[in-house]
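Visitor: Kindly produce the complete structure, drawing on both the sequences and the hints.
Chains as they are written, first to last, in the numbering used here: chain A, 1 to 362; chain B, 1 to 522.
Each statement offered as a hint is correct.
Pair ranges (Cβ atoms, derived):
(1) A/2 with B/100: 26 to 32 Å
(2) B/118 with A/6: 30 to 36 Å
(3) B/78 with A/341: 28 to 34 Å
Please keep in mind that the hints were generated in silico from the structure rather than gathered at the bench. Note that this is a predicted model, so its numbers are computed, not measured. Glycine included, C-beta positions come from ideal geometry on N, C-alpha and C.
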Amino acid sequence: MQIVLEKRSQASSWMNVMSPVLAIGLTVIMGGLIFAAMGKPPLTALYLYFIDPLTSWWSIEEVLVKAGPLVLIGVGLAVCFKANVWNIGAEGQLTAGALMGAMVPVLLGDWQSPWALVLMLLLGALGGAMFAFIPAWLKTRFGVNEILTSLMLVYIAQLFLDWMVRGPWKDPHGYNFPKSVAFEGWHLLPMWGDGRMHLGLVVALVIALVLYWVMRNNLKGFEVRVVGSAPRAGAFAGFSQTKMVWFCFALSGGLAGLAGLIEVAGPIGQLQPHISPNYGFTAIIVAFLGRLNPLGVVFSGLLLAISYIGGEGVQIELGISDKTTQVFQGMLLFFILMCDTLILYRVRYLSGTQANIEGETS
Amino acid sequence: MQNNSNNCLHTPLLRVTKLTKKFGDFVANDDLCLSIETGKVHALLGENGAGKSTLVKMMYGALQPTSGTIEWQGQTITVANPAHARDLGIGMVFQHFSLFEALTVVENISLALPPQLRQGNLSQRIASLSNEYGLPLNPEALVADLSVGERQRIEIVRCLLQQPKLLIMDEPTAVLTPQEAQALFATLRRLVAEGCAVLYISHRLEEVKQICHDATILRHGQLVAKVDPQVETAATLAQLMVGSSVHQVNRQANNDVGPVLLGLTHLNHRSSTPFGVELLDINLSVKAGEILAIAGVAGNGQSELFGVISGEEGDRSDCSMVLMEQVCNGLNINQRRQLGAAFVPEERMGHGAVEHLCLTDNILLSRHACNDTPSPLNRGLMGIDRAQLATLNSTIGRDYDVRKGHEDAQAGSLSGGNLQKFVVGRELNRKPKVLVINQPTWGVDAGAAALIRQAVIDLSRQGSAILVISQDLDEIFELADTIAVISRGQLSAGYAASQLSREDIGLMMAGSHEQNSVEVGA
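Guide: Next up, the structure:
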């Protein structure tokens, strides 16, 4: 017997909806099995992982704080991937944005005005976009694969940040810790509640809604869909492939940079060697789990945020390594990509002789 | 020849009985019976989508029948795969060749042969075999340097090396000039004289009458007739193929020709893709009310020329191009549309339309920047006006008889003919002053082809200038006021259609006008 994947004549719309649900289900089952294999009670662990974060106001707030950057980066990447442009380096653009925006508090520490915050937000987005222009330029000018360049640039950005906070931008009164000065006053985002809720989540939601409208009802969204799925038809419509690459890197890089700035001017409050628990990479999962649809990304961003908090929860309660978060996220991406195959292909079982024939001719 | 019950005197070489092939619910071949005799050329006729390819793929082992039997020399067999078919003595020449451009003729042939045939001096065997059958071929030549006709010879020689008893040819003349086709027919006659059988797939009726002994006609997967092509006329064969009498296109002579609306002088263009054809010193002009048709075998620079005129190839040319009496070098495709031009590319799926987008979105594809009134966009925020697009869609659907599953279906769900009517209708609906249309009815059923051709003629009689690029000579003679021929990136002068014969065009397709061009007529 042999199992073959047969291309569907038309993509299955039912599977398009079911694929993320199926992927989440498979991740939960697989996660339970892993917990059991480690000798931990699987049901308790799964409860702690997925449900417990939603049972207290404090942890819900934490989930929302984590969801903010994931959604912000995820919607940018969703547009990018829809256009068949593969920006894998959002983590680096996030870092570049944080560095660029931090110029205001670090270099102009005495300038206290609402405009300082506005300038920081703009600089954050600009920094991310400009850093993303490096792979965009390499791709459009030399045809270099953007997956490799954008990924490699992540490490350059992170090492540059590391050097900055240990060197030029180290807080002179910081007891030699690798940190910048703590941001103050108008260099921090408005916060509210008793936790760490800040303006970033509102920004993320507004941008997700705007991009949802653009992708559905605006010519630019149409352009993204056409260029991404049928490049020659895109040329026929007069859309430029090159401009689309620049647009996508500007948008996704800019949003990642903005997310980075919001992190350092929000929950963290200063520059330090590590400013993101891999938000830029996790946002890739967020974008796919959200079906590359900005509204879907809002929900998948929340789900992935739960996985961060749940991971911390099981670490505290059951003493399981915090690497489980990454294992869960990895499984989720693996299953979503696997289930997505079902949208375009159907599984067929072949009996012995037939299998041989089809195998040789196809 | 009416049925196969009385031929117990001799067993046919190959006989299929009640052969059925289903793809899901779709019946591609329905209960087909046919027998092929040694020493004859058997024609398999039918429109695109009639099931010809499915049938021969089952004979060649590339597909397995859902039910029914195949008998080879009287024995019931299962053709497991193409290698098995070749072992039996069935060779096939496909419409689209699978050759490596960077390798030589002998290397390409060697790759496809079973090991026992690769031994010995293969290039000498190729040379002698190809000379013997009138298929001149240099075994050491690089495939990239060869013409399409020469490439086809490689495929034929490859089959002949295996000494087939049955040779299947899928639309072999689609890519040949009339003269090359005649040479091929001579080879086929020689093969059948030596006792080989040939199954000849085509929808060109004249050549079927010329070389075939038997003909089987398929329509919608069913066998509709077995006839003697020598007795039938092309018209009766066409009627059997289409199922009704073919609508004749009505073209009145045009005396009312206006100013030049599309003009190219001394166009030189190097293609942006590595295997593209370089265009050399192309001059053409199309006047208002005139249809200029460019004939030529596919792959001689047609798509590059289309790309340059539409503006998709970018501004790489150093010529002067005039559209609507304005110089249009450097303008992009939408700026050219705004001047009054419209374009229909050769490939409807993936170029003229996007498969998974709905029809209204596909209207937007070419209409979003035409400055039409009313516009399909709300100016300012560039929002898409769905209501406006829906109105346009129903107008196009009605005017051009686009049959679809539901009003705003996905483009991919339409049949080839209906999608082509939609793509052409989308452009004609604008009443463009200049229309450039590449292969207007390629792979389209006869009814849709007639409708499209009539619409193109009607547009020209309303004073538009039309440039048609086609490799179908029937279509060219149906449409054209003026004919030019393209070969290897060079375009001949334009001649009045009434002054040219098919043979003249054939000579030009073979390159008689290149460099030191020979003047024909005019």
